[in-house]
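Engineer: Between the sequences and the hints, there should be enough to build the whole structure, so can you do that?
Chains V and Y, in that order, are what the protein sequence lines are. Per my numbering, the first sequence starts with residue 17, numbered consecutively. Per my numbering, the second sequence starts with residue 17, numbered consecutively.
Keep in mind that the hints are not guaranteed to be accurate.
Since the list gives no way to pick one copy over another, a pair counts as held whenever it fits inside one copy or between any two copies.
Pairs of lysine to any residue, SDA-like flavour, derived with a Cα cap of 20 angstroms [said to hold, decoys possible]:
{"id": "1", "residue 1": "227", "residue 2": "197"}
{"id": "2", "residue 1": "324", "residue 2": "135"}
{"id": "3", "residue 1": "227", "residue 2": "183"}
{"id": "4", "residue 1": "324", "residue 2": "65"}
{"id": "5", "residue 1": "285", "residue 2": "302"}
{"id": "6", "residue 1": "227", "residue 2": "193"}
Since the hints were made in silico from the structure, they are not lab data.
Spelled out from the first residue to the last, the chains are:
Number of protein chains: 2
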Amino acid sequence: MSNGNNVRNATMADVARLAQVSVPTVSRVLSGAARVRPDKQARVEAAIQRLGFRPSAAARALASGRSEVIAVITGSTSNYGYAEAIRGVEEAARADGYTVIITVVESFDDDVVSAAVENVLNQSIAGVVVLKFDRAGVAALRHLPSDLPLVALSGVRDTGVPQAVIDETRGAEELTEYLLSLGHETVHHVRVPPSRREDGRTTGWKRALRKAGAPIPLPLDATWEPRSGRVVGRDLARNPDVTAVFCGNDEIAMGVIKGITDQGLAVPKDISVVGFDDHPLAELWTPALTTVRQDFADLGRRGFGLLKPILDKQAASQFSSVHPEMIIRSSAAVRTDSQRRKSTEGSGDASGAMSA
Amino acid sequence: MSNGNNVRNATMADVARLAQVSVPTVSRVLSGAARVRPDKQARVEAAIQRLGFRPSAAARALASGRSEVIAVITGSTSNYGYAEAIRGVEEAARADGYTVIITVVESFDDDVVSAAVENVLNQSIAGVVVLKFDRAGVAALRHLPSDLPLVALSGVRDTGVPQAVIDETRGAEELTEYLLSLGHETVHHVRVPPSRREDGRTTGWKRALRKAGAPIPLPLDATWEPRSGRVVGRDLARNPDVTAVFCGNDEIAMGVIKGITDQGLAVPKDISVVGFDDHPLAELWTPALTTVRQDFADLGRRGFGLLKPILDKQAASQFSSVHPEMIIRSSAAVRTDSQRRKSTEGSGDASGAMSA
DNA sequence: GTGAAAGCGCTAACAC
DNA sequence: GTGTTAGCGCTTTCAC
Chain V
17 MSNGNNVRNA
27 TMADVARLAQ
37 VSVPTVSRVL
47 SGAARVRPDK
57 QARVEAAIQR
67 LGFRPSAAAR
77 ALASGRSEVI
87 AVITGSTSNY
97 GYAEAIRGVE
107 EAARADGYTV
117 IITVVESFDD
127 DVVSAAVENV
137 LNQSIAGVVV
147 LKFDRAGVAA
157 LRHLPSDLPL
167 VALSGVRDTG
177 VPQAVIDETR
187 GAEELTEYLL
197 SLGHETVHHV
207 RVPPSRREDG
217 RTTGWKRALR
227 KAGAPIPLPL
237 DATWEPRSGR
247 VVGRDLARNP
257 DVTAVFCGND
267 EIAMGVIKGI
277 TDQGLAVPKD
287 ISVVGFDDHP
297 LAELWTPALT
307 TVRQDFADLG
317 RRGFGLLKPI
327 LDKQAASQFS
337 SVHPEMIIRS
347 SAAVRTDSQR
357 RKSTEGSGDA
367 SGAMSA
Chain Y
17 MSNGNNVRNA
27 TMADVARLAQ
37 VSVPTVSRVL
47 SGAARVRPDK
57 QARVEAAIQR
67 LGFRPSAAAR
77 ALASGRSEVI
87 AVITGSTSNY
97 GYAEAIRGVE
107 EAARADGYTV
117 IITVVESFDD
127 DVVSAAVENV
137 LNQSIAGVVV
147 LKFDRAGVAA
157 LRHLPSDLPL
167 VALSGVRDTG
177 VPQAVIDETR
187 GAEELTEYLL
197 SLGHETVHHV
207 RVPPSRREDG
217 RTTGWKRALR
227 KAGAPIPLPL
237 DATWEPRSGR
247 VVGRDLARNP
257 DVTAVFCGND
267 EIAMGVIKGI
277 TDQGLAVPKD
287 ISVVGFDDHP
297 LAELWTPALT
307 TVRQDFADLG
317 RRGFGLLKPI
327 LDKQAASQFS
337 SVHPEMIIRS
347 SAAVRTDSQR
357 RKSTEGSGDA
367 SGAMSA
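Structural biologist: In structure tokens, the structure reads:
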């Protein structure tokens, strides 16, 4: 069953000899580009089978100048959204006969980014998908040559390369409005590392507050590590002004909730907390997370969908955008009057540096 | 800063002409294989710089018969352990100048596996790392030619290909013994989809029970979806014999805990539940999960470390094994007498089909 | 040390 | 339809 017995791979010349045809005819059979007489066709196929012939991608790429591999450039492979997006790209690419190479860009440091991009460019690739979820992705985008088929996966649509996006600005805005509608006077915000000066999630949050005439607190920062949210959560719990918190993603929200309960407060009774993404564990968390669902795998698939016509030199659309859906569960609740003022008296200092 | 203005990439011939040397000399400068006179060396480097020359990996692979790309074959890209392992492989490979291609094998169906393997083999690759975490991985391994540099990443060491392993059998055994030491008469088990007839985690659990002379309940099955654990948790809660549960991974454990609390029982008061892996959220869960830490990224790095000498045709070790560390937190507690018998009277039927 | 010559295994014209 | 002839951009002898 396994064809592991071909020490040296057979070449097209071997196949041609065995089938008694010329090399280009073998090539034609393989590519289906031109019609070949049935008997020869059959002989060639038999020979291929018999020899366990496998065409050399390198030779093909060299001779044709084309290739069937696409590169994914990303800042991470294991964070939830990243991993799912990669899955989507790989899935769509594989379904279409493409192979995907992955390169991670560990920081937005110029040298690191160049090195990673060089590495990718050295391969003969047909096109690139970059995950523009963070500053590393943005930097990679800048380093890529403009003549290369390229699409970005993103949370905010902006000009430049074609991109597939989930409109997180809109999602964040709706979620913040929802919190406001629950009676909270304002909503605090914990950011994940942003892709630019300001993330779409932050923009949407700010916009909703501004529209409502609510005060805009200074956003707090977390890393991609869920535990970083815990520290922030403790700080939040000490601030009597905090009654509602919008977190940059669900994992941070889980950390924040843990931090809040560390301080003896309850979610959502004392403070409402919402996340973003609808992580598989969000519904299992206690309390179940109110969040915004982001279908990253779909984003990845759409990204490849945008790339495909470019590779085929067909007319291509520049954007594919989707509105994420709000998922209301139980981590956010109606604000009850003076719930916080009361509970803070005994729980330490109210960190003052939190209003902008 | 970006070299996006080279419509047609410069070739070595272009560089040679500009530097007034021969093509092989350029090649020598690039590979460092042979000494070149300093002045020529400098001219070549200048020309490379000026032209933005980038060698063609395809041509190089074709001419030399070697390549600097390795393939990772895996059943998933987004499950926690998989994603981390891939991260480790990519990290180590990149540090060593290798590029990695990812192919996912969606099932252990023969056609699917062959197609995926063919796809990989068609590329000119130097070697393969397969994630032998599930049946798809095991199947892929069987389909790979034996003359290809190959290592497997695994939870149980077995014969055949070189492999990097985290000894999950041992980890599961210790964890089960720990539960037993807490006074539980036996430990129930919820499996994730196993890689073979029986997973190392299941084997270790069984071994510990056998050694202790404890009854061995029939294992229950979950999928990779955390929510599948919730359903199982509910069933478990209805069975008065259940006082301790060992889950195949942390995400399932979280689901199981949720299912148990759905039924009005408490963890660990009524039932102790432990997971496996030490997922980033395990410490943040309520109750914080007692588990076994598995460093998958390290596993990936070790896997590449095993592959490297094989690629270089040096003497290579066949195995790299590590013992996972037990992490005691608060989801498992001492068994209090008759805790379950009492609590079950009001909570519905005791599903009987659970003892082997 | 360095250049000339000969491929690596395929695809792309181009005749026939 | 099908074979012949040229490369694709490198690396690898092998002289010198």
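Engineer: Work down the list of hints and note, for each, if the structure agrees.
Structural biologist: Now for the hints, and whether the structure bears them out:
When the C-alpha separation of residue 227 and residue 197 is checked against a cutoff of 20 angstroms, the pair qualifies only within one copy, where the shortest distance is 13 angstroms, while the shortest distance between copies is 59 angstroms. Taking identical chains as interchangeable, the C-alpha atoms of residue 324 and residue 135 lie at most 20 angstroms apart only when they sit on different chains, with a minimum of 18 angstroms there against 22 angstroms within one chain. When the C-alpha separation of residue 227 and residue 183 is checked against a cutoff of 20 angstroms, the pair qualifies only within one copy, where the shortest distance is 19 angstroms, while the shortest distance between copies is 56 angstroms. For a Cα distance limit of 20 angstroms, the shortest separation of residue 324 from residue 65 qualifies neither inside one copy, at 30 angstroms, nor across copies, at 32 angstroms.
In the homo-oligomer, the alpha carbons of residue 285 and residue 302 lie at most 20 angstroms apart both inside one protomer (13 angstroms) and across protomers (17 angstroms), since each shortest distance falls under that limit. Proximity of residue 227 to residue 193 under the C-alpha cut-off of 20 angstroms is restricted to the intra-copy arrangement: shortest distance 9 angstroms within a copy versus 59 angstroms between copies.
Violated hint: 4 only; the structure is consistent with all others.
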